[in-house]
Amino acid sequence: MSGPLIRTVALVKEYRMGTNVVAALGGVSITIDAGEFVAVMGPSGSGKSTFMNLLGCLDHPTSGEYWLGGQEVSKLSGDELALVRNRKLGFVFQHFNLLPRTSAINNVALPLLYSASPVAERLGRAERRLIQVGLGERMDHHPAQLSGGQQQRVAIARSLVNDPILVLADEPTGALDSRTSVEIMALLQVLNREGITIVVVTHENDVANFAGRIINFRDGQVVDDHLNSAKDAAQVLAQLPVAETAGR
Amino acid sequence: MNFVATLRVALNALRINKLRSALTMLGIIIGVAAVIVMIAVGQGAQARVEDQIRSLGSNIIMVMSGSALSGGARGGSGSQQTISEDDAYAIAREVEEIQGAAPTLRGTGQAVFGNSNWSTSFYGTTADYLEVREWSVAEGRGFEAADMSSAAKVVLLGQTVAKNLFGDISPIDQVVRVRKVPLTVVGVLERKGQNMVGQDQDDVILMPITTARKRVLGAALAKSRSVGTIMVKVRQDADMSQADLKMKDLLRQRHRLQPGQDDDFFVRNLSEILQAQEASSKVLSLLLAAVASVSLLVGGIGIMNIMLVSVTERTREIGLRMAVGARGKDILMQFLVEAVTLSLIGGLIGVLIGVGGSFLVGELAGWRTELSIPAIFLAVGFAAVVGIFFGYYPARKASHLLPIEALRYE
Chain Z
1 MSGPLIRTVA LVKEYRMGTN VVAALGGVSI TIDAGEFVAV MGPSGSGKST
51 FMNLLGCLDH PTSGEYWLGG QEVSKLSGDE LALVRNRKLG FVFQHFNLLP
101 RTSAINNVAL PLLYSASPVA ERLGRAERRL IQVGLGERMD HHPAQLSGGQ
151 QQRVAIARSL VNDPILVLAD EPTGALDSRT SVEIMALLQV LNREGITIVV
201 VTHENDVANF AGRIINFRDG QVVDDHLNSA KDAAQVLAQL PVAETAGR
Chain R
1 MNFVATLRVA LNALRINKLR SALTMLGIII GVAAVIVMIA VGQGAQARVE
51 DQIRSLGSNI IMVMSGSALS GGARGGSGSQ QTISEDDAYA IAREVEEIQG
101 AAPTLRGTGQ AVFGNSNWST SFYGTTADYL EVREWSVAEG RGFEAADMSS
151 AAKVVLLGQT VAKNLFGDIS PIDQVVRVRK VPLTVVGVLE RKGQNMVGQD
201 QDDVILMPIT TARKRVLGAA LAKSRSVGTI MVKVRQDADM SQADLKMKDL
251 LRQRHRLQPG QDDDFFVRNL SEILQAQEAS SKVLSLLLAA VASVSLLVGG
301 IGIMNIMLVS VTERTREIGL RMAVGARGKD ILMQFLVEAV TLSLIGGLIG
351 VLIGVGGSFL VGELAGWRTE LSIPAIFLAV GFAAVVGIFF GYYPARKASH
401 LLPIEALRYE
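If you're matching them up, the sequences are chains Z and R in order. Quick note: the first sequence, position 118, residue 118 per the numbering used here, numbers continuous. Quick note: the second sequence, position 287, residue 287 per the numbering used here, numbers continuous.
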């Protein structure tokens, strides 16, 4: 695969509110290469969430092009987009969005349910990803039996289980305390170093500073796009006072 | 996503909400059980009526002599002995729907034994008569072929006659005099009770038709072959009206009637009244089943209600499933399978309760109930259809959710 992993050309998204047409995204052209760790920032209403939904193939752009891994996905139908999400993308949400009363391993295996893989393979891959995020011993725990940080790790394992080319994290630390937030960012950094492309949406500078590139949105436009010398989350974690073993 | 996986997801979702699933199923369980019990009760009632018909001699057609036409005045039924013994034999031989045909000559007279007497009616008939009437001999023997050909001086007594003439003594081998003709009692018939119009059917004496004609009714009839009535029994599985038609054709042909000419005989169907009764019990059981299906319908609405709640409650789950690759179709199937599984499991439990309930009603209320296998399949099938019908709307609603909105749903 040659060229950038993500390329958007004049991406526009408009919403109709009654008789008014509101442009949530006013022509965004951007490229992201494979292996990058990008933070998308901006105040609420800046269009960053809309941009994220388009990157995640959860929504159709009003106009413009979106190329993902050499495929133009902006023209695909709903079912085709579902396939793209299933094969190429991983999602991490602010509120984890785990299935209640369902074991961690089954939560992680969920995306594979929709790709027709055999049961044994589904569970095998889910198990490997859970071990990777450090939850090898809690595979049979239900979300209610896990701390917030552990739940987010399960969610991260789930986002990785289909070997995606891109992981999208929408405010992944929004529901976590500061120490656990750093832990989660450390985990994402480790995964990024292993070659996974990550795009994080956040409004916290602290979180964005762990990324290698920061894109700022305002009023539906990119107002700033710069490389960032990322802080090492593991080091930050080491300097934090050791609290009551929160999250572990 | 294959079907097994869909089924597993659905079962899992139902297992997670055990109490709710059980309560939802309850509607279907009650509906299916009610349908099965009601149909069993209805069919039991119908079977009872059918038994009644059978006890009166089911599928009986009576052929009677028609009216004589003399100088434009029609004499009315039986004014002329137009049908003969041979008509009866021809009917039995040539109409395949007919099981037996018994010619009967009727007479009345006094029967005397010792110093007791009793006025009654007697029938001269053939051995077929008892088969046609589904009447058996309680004591002694019935008629034999030899009795017919030799005009044997033998009689069978109905219970009423036997009691009035003999009291408590056994009448077998005793000699009674009927119209002063001494005849030996060879058997006593079983009790038959009253017929539909309240006549005592046991107040009767049967004798061979030859005996009646030659010895009892008198010389005037001795040479004639004519009879008053032929009792015909149609085979159990044969079509009554078909038999009726064929018999009429045969008789018209034998009597050489021209097209357009009136029949010189009457055909009367004994079971008509009973069939009307049977029809009304059918209507009753249909009504019971209809009432029961209403509860099945209510059960279905219960499923829809819960599924709608479930879809709303699980909006974020639906959003998540869509985000990780579920198509609208997968979501539709998941919720549809959930609804159908609910109704099918409920249906099966309902069958068990319905079968048990039918026995219980039979035992406790003393009603006759008859389980109907088609009704069981019908009830379960209907439950599944209810599941699909009422599950479809919520499932479709779920599958049309937009992933971004479903994910953000609070």
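Read the hints as simulated data drawn from the structure, not as lab findings. Glycine included, every Cβ here is placed at the ideal spot set by N, Cα and C. Don't take every hint at face value.
Said to hold, decoys possible - Pulled a few chain R residues facing chain Z out of the computed Cβ check, cut under 10 angstroms:
#	residue
1	Leu7
2	Val181
3	Thr312
4	Arg316
5	Met322
6	Ala323
Indices of hints not satisfied (ascending):
1, 2, 3
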